[in-house]
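There are 2 protein chains.
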Amino acid sequence: MADPLRAPQQDRSRATRQKLLEASVESLAQVGYAATTVAVVAARAGVSRGAAQHHFPTRADLFEAAVEYMTEVRLAEIRTQAAALPVGAGRTEAIVSMLADVYTGPLFRAALHLWVAASTEEPLRRQIVRLEAHVGRQAHRALLEVLEVSEKTPGVRETVQGVLDMARGLGLADLLTDDGKRRRGIVRQWSKILDQALAS
Amino acid sequence: MADPLRAPQQDRSRATRQKLLEASVESLAQVGYAATTVAVVAARAGVSRGAAQHHFPTRADLFEAAVEYMTEVRLAEIRTQAAALPVGAGRTEAIVSMLADVYTGPLFRAALHLWVAASTEEPLRRQIVRLEAHVGRQAHRALLEVLEVSEKTPGVRETVQGVLDMARGLGLADLLTDDGKRRRGIVRQWSKILDQALAS
Chain A
1 MADPLRAPQQ DRSRATRQKL LEASVESLAQ VGYAATTVAV VAARAGVSRG
51 AAQHHFPTRA DLFEAAVEYM TEVRLAEIRT QAAALPVGAG RTEAIVSMLA
101 DVYTGPLFRA ALHLWVAAST EEPLRRQIVR LEAHVGRQAH RALLEVLEVS
151 EKTPGVRETV QGVLDMARGL GLADLLTDDG KRRRGIVRQW SKILDQALAS
Chain B
1 MADPLRAPQQ DRSRATRQKL LEASVESLAQ VGYAATTVAV VAARAGVSRG
51 AAQHHFPTRA DLFEAAVEYM TEVRLAEIRT QAAALPVGAG RTEAIVSMLA
101 DVYTGPLFRA ALHLWVAAST EEPLRRQIVR LEAHVGRQAH RALLEVLEVS
151 EKTPGVRETV QGVLDMARGL GLADLLTDDG KRRRGIVRQW SKILDQALAS
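Line by line, the protein sequences give chains A and B.
Quick note: the first sequence uses full-length UniProt numbering, first residue 1, plus one each step.
Quick note: the second sequence uses full-length UniProt numbering, first residue 1, plus one each step.
It should be emphasised that the hints constitute simulated quantities derived from the structure, not laboratory data.
These numbers were taken from a predicted model, which means no experiment stands behind them.
You may find that some hints are simply not true.
Not everything, but these chain A residues come out facing chain B in the computed CB check (under 8 Å) [said to hold, decoys possible]: (1) Tyr-69; (2) Ala-82; (3) Trp-115; (4) Ile-128; (5) Gly-185.
Just so you have them, the derived chain B footprint on chain A, three or more residues with Cβ under 8 Å [said to hold, decoys possible]: (6) 89-96; (7) 143-151.
Where is the CB? At the ideal position from N, CA and C, for every residue including glycine.
Take the sequences, apply the hints, and build the full model.
Following this line, the structure appears as structure tokens:
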């Protein structure tokens, strides 16, 4: 049985950890990898430096946890949005639009900073590759499911993978400027193309 | 008339500048933005630190020139490859494959490091946005030309833009792992989709 005196302390500790992880994503998205230190994240989270270092003794520990956290949040976001999709006409456009949203938010922006940093930092690279493969597989499976298509049909796998890559490219295009207007036109047109491609 | 005694010195100076710019792209692609300093680039280029600082007094000067240089090289690459495309069957796949190559090389990798750095560094961001708009327009125009389609046809603009975004996404997917096999499957399938979409 849980110790009733320890439970509130554990809750507080979990809440602190959560605040630090949220702050680390915000910090990555806004000031980038080099400027995101445990001290900066602690200040942003309103947590004492000591408490932050209790959770994350080193910067590597913080990023390791942040990558896991971002993976979970991105998958949860995909699941939530997938459940709210309309049926019938407009469904495909809603799906492609949802994907574009997932890949243009602050979470993707934070992930971009981490990916680029990881490309020249070995332990981080290995960890991200493992988790990205997981996110990629889950996103791919979710996309097949909401589009109601099967990979057994030749070409479907590559069609759907290409859509995910397009969404990633749209995310990148949104990094330095607000690309919303151009993006909406592409989402509309490629939804039509996708419907055609999956029907044939 | 050119001074015959000055000409060789000017040539040497131009060659040194060129070596420094090539080395800065290599350095960005291999060790990233934070580690790419004028001193590191000079050492990589085999140029004295003094000579490097004569060309690029500050790191900002180096990146400003590197961004211009990368823009020129990327456009020249697109033009060269566009001129070597086959005609008839297989042309569209050769085009999409060429695009995927342009967006997965060391030049794109170097550009990714710069873009992410620029997202949190104002003067660099403005400069890159201006030059990327130029590269984007030229790449878009070249793609319309080699695909032999016109933007006057409704939907063509967005179809072609989406393919460029897909290529950018493929470049990103190749940053942390060798994504060649998956990419070839997507290029093949998306070439078919593109042919269908542009024909209808």
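Going down the list of hints, with the structure as the test:
1. Tyr-69: 19 Å, violated
2. Ala-82: 20 Å, violated
3. Trp-115: 6 Å, holds
4. Ile-128: Hint holds; Ile-128 (chain A) Cβ to chain B Cβ min 6 Å, cut 8 Å.
5. Gly-185: 5 Å, holds
6. 89-96: It is violated: at least three residues are needed, and the segment 89-96 of chain A offers just 0 whose Cβ sits closer than 8 Å to chain B.
7. 143-151: violated (count 0)
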